[in-house]
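A.B. asks: Sequence:
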Amino acid sequence: MSPRKSVAEALSTRAAILDRSVAIASAEGLEGLTIGRLAGDLGMSKAGVLGHFGSKEALQLAVLARAGEVFRAEVWEPAIPAAPGLARLRVLCEAWISYLEREVFPGGCFFVAAAHEFDGRPGPVRDAVESRFDAWRGRLRKEAGRAVDAGELPERTDPGQLVFDLLGTAMALNHAIQLHRDPRAPELARRTVQARLGRPAAATGQVRRDPPEPATDPAR
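Counting from 1, one number per residue, gives the positions in the sequence shown under the UniProt record's numbering.
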């Protein structure tokens with residue numbers, strides 16, 4: 001076996017472990033991940049699973065990073081072509097609602113679940129969850145601020161309050177879907193977003209006006 005093939009196989013195995021771990025953790029929590037469970041599900045030895053990460057905590061952090069890649073692809077990347085400010089904020093919110101509506105993760109929003117699980121438990125995993133929420137709030141606030149500065153939102157709009165409201169809407173939607181299985185919830189969320197951001201014009205000209213943002217922003 002060539003060294004190149006060995007590296008490729010190791011990366012493929014690691015990716016398979018992470019994908020299975022994300023599916024388990026989204027429904028059962030990051031603490032629900034056990035090396036034995038993963039080994040059984042994937043037909044591997046416990047040592048084989050652990051050898052890719054070294055510890056359960058390292059596995060949890062890698063799973064958070066993998067979930068962040070999925071969130072970025074689902075929610076941030078669709079908004080990159082939109083004009084910065086209100087147009088991009090609208091696209092972000094619609095992609096965010098769609099991501100929850102389609103249940104991209106089996107247990108709903110991965111990061112909402114992780115926040116509930118670790119918000120009162122100091123340590124590297126909690127810090128990683130907090131960092132991702134901070135980055136996402138910062139991304140939303142930046143676009144809200146651009147919209148205010150451009151006159152696309154009322155001058156007295158507080159970007160921090162707006163972001164608080166949008167985050168609350170997304171969390172309420174996640175709750176309504178996962179706990180209540182409420183089929184009306186996505187439409188209620190869209191109405192709430194429209195009430196805060198206004199109805200888009202017939203042609204918003206959503207064309208990129210600035211260079212692509214660094215990949216480190218919303219879901220690092």
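What the hints contain is simulated information worked out from the structure, not anything from laboratory work.
Mixed in with the good hints, there may be bad ones.
Simulated DEER-style distance windows between Cβ atoms [to be verified]: (1) 160 / 40: 27 to 35 Å; (2) 8 / 164: 43 to 51 Å; (3) 150 / 116: 29 to 37 Å; (4) 51 / 94: 28 to 36 Å.
Quick reminder that beta carbons are idealized off the backbone N, C-alpha and C, glycines included.
A.B. asks: Per the hint of 29 to 37 Å, is the separation of the Cβ atoms of residue 150 and residue 116 within bounds?
C.D. replies: 36 Å, holds
A.B. asks: Honestly, do residue 51 and residue 94 meet the 28 to 36 Å range at C-beta?
C.D. replies: At roughly 42 Å between Cβ atoms, residue 94 and residue 51 fall outside 28 to 36 Å, so the hint is violated.
A.B. asks: If you check the beta carbons of residue 8 and residue 164, does the distance land in 43 to 51 Å?
C.D. replies: Distance hint for residue 8, residue 164 holds at roughly 45 Å.
A.B. asks: Has the hinted range 27 to 35 Å been met by the Cβ atoms of residue 160 and residue 40?
C.D. replies: 46 Å, violated
Comparing the model with each numbered hint stated earlier shows that hints 1, 4 do not hold.
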